[in-house]
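Peer 1: So the protein sequences, as listed, match chains X and U.
Numbering-wise, the first sequence is residues 1 to 319 according to UniProt numbering.
Numbering-wise, the second sequence is residues 1 to 319 according to UniProt numbering.
In case anyone wonders, no lab produced these hints; they're calculated from the structure.
Because the structure is a prediction, the values reported are computed rather than measured.
Any given hint could turn out to be false.
Since the list gives no way to pick one copy over another, a pair counts as held whenever it fits inside one copy or between any two copies.
[Stated by the list, open to error] Below are the DSS-like pairs computed for lysine-lysine, each with C-alpha atoms no more than 25 angstroms apart in a straight line:
| id | residue 1 | residue 2 |
| --- | --- | --- |
| 1 | Lys115 | Lys317 |
| 2 | Lys176 | Lys136 |
| 3 | Lys115 | Lys183 |
| 4 | Lys317 | Lys130 |
| 5 | Lys114 | Lys317 |
| 6 | Lys114 | Lys125 |
Chain by chain, the residues run as shown.
Protein chains: 2
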Amino acid sequence: MSDLPSHVTIAEEGPREGFQIEPGPIATSDKIALIDALSGTGLHHIQVASFVNPKLVPGWADAEATVAGFTPQPGVAYSALWFNANGLERALAFRDRLTLFGSISFAASEAFSKKNLNRDREGQKVAMAKMTAAHKAAGVPVTRIGIQAAFGCNYQGDISPAQVITAVSDAMAVAKDAGETIKDLTLADTMGWATPIRIERTVGEVRALWPDLALTLHLHDTRGLGIANAHAGMRMGVARFDATVGGLGGCPFAGQPGAPGNIASEELALLCQEMGIETGIDLDALIEAGRLAERIIGRRLPSAVLRGGALSAFRAKAA
Amino acid sequence: MSDLPSHVTIAEEGPREGFQIEPGPIATSDKIALIDALSGTGLHHIQVASFVNPKLVPGWADAEATVAGFTPQPGVAYSALWFNANGLERALAFRDRLTLFGSISFAASEAFSKKNLNRDREGQKVAMAKMTAAHKAAGVPVTRIGIQAAFGCNYQGDISPAQVITAVSDAMAVAKDAGETIKDLTLADTMGWATPIRIERTVGEVRALWPDLALTLHLHDTRGLGIANAHAGMRMGVARFDATVGGLGGCPFAGQPGAPGNIASEELALLCQEMGIETGIDLDALIEAGRLAERIIGRRLPSAVLRGGALSAFRAKAA
């Protein structure tokens, strides 16, 4: 039942995820240096900033300066994140530098939706319909659905595939009402509840209903199972993963201070490389970018590959 | 092709692996406290000490005091490690407290054997025959074969299943010559080269030849793939794993200073628990033991579960 893809796309979210959560103020020049370093690693997708309220997320008060400052490389799509009309407005100023697309986001856990967004399911439908209309008015296509807490929730406990299907159905209805065509679906293990078996079941059931959507897994390594979960996804044919260089980021949710963040891009790249799956990534360059990220934030990141290194160097020496 | 076991045994090697590599002198009383804490977690196998030359491994100069000092619990098998006749002699003094058995150890990489043991394949055959005779003379059964560097080697590069089979065959020949019956085979990813695919191939080929041996995987998390590799082993029906609480230990091999050590017992226990595989372990108690290990060595251990916690507490709160 293994359906390993021949090619995996790693969507790098280190700059956005990492600098949103780091406690100290990170210099804009350091953010730009990391984005530029990542641009030279063979990554094709880099999320560079978050256009969020600087009062709520002070770490991204310099989103404009960061996006204006990096040096775009051909063949790399740079994206950003926003949650409301104001954020969209700010992103629109960078149409020339950013690949803009809208997302319809729902949580599979209603408890998480209420806690994190202060909206129940019906409220989220209304909010997403409004955001989708705003995107449409701005000429930004809405092509993606994102499902938070798709494998479990600190506030609601286990999440079944049926709950994920309900959330995707809600999002699809919003898209349909707006006349938008969804191409991508991201299932996020926001709080680190996934296991290989949960991945298999949920991916399997979701794909049975929406076989034409390109699936992305957004995995957190909160309990050390992140790479095993990614591998389970690959075995189900999932070919796109969000990840962060060094494992930047963290889990800002209650009860887990200091918990690891996203799966590390270089661990995922190494897994692919060693299994003969193309990623287009120069692993040594990615490791260097991870070391740069560690210098910027001034502490060790969780990625084991930053300590253990790639195998290629040992292989070359042994030959 | 998934053959997940219903029960997994975790053989805890934290005390032995961890305290062998920690730089500072660890108080004997702290070693004993950790062993006693681990004894109350539901683990059935704990490796408590290493009877090695204190000049080479000063961290285990207090092996006798440690073994004499812990409080054995019923249902827990305590073991120790030794590499020569002198070490065996020292272990024999603790027949009442330790479960003693001999191992026949070979490296699948001849380069590693030469570097680590200063013996080539023929030299190792002679040494192992001698050690097996010493065990026999002492009435200690030789029941296990251990293969180091079974998935790759920093000095030799990739290791094929055929090379592992050669090493197992050599060890089986030593056992046969001595009239010993091997029951257990440990394949060790000593330097962190394994991937899920390598695990599948090597386990598959080895089991085809020796279907009656109980397989153990000894995995290092050098590059973040440890738990994914363990899961791949489980899918192949492997039901026994060595691991260390908190991920204690490290990779003392050239070129990887600071690289993570063994897979963390609590990450593996959580994986099993969440997938409905019995381990007999009280995960919360194991996490407490991991926190004790962190207090003893005075720094954070790599286990993500020590940060993220078990899911059961969140589940209980959500219910």
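Peer 1: Checking against the hints above, which ones are violated?
Peer 2: 3 and 4
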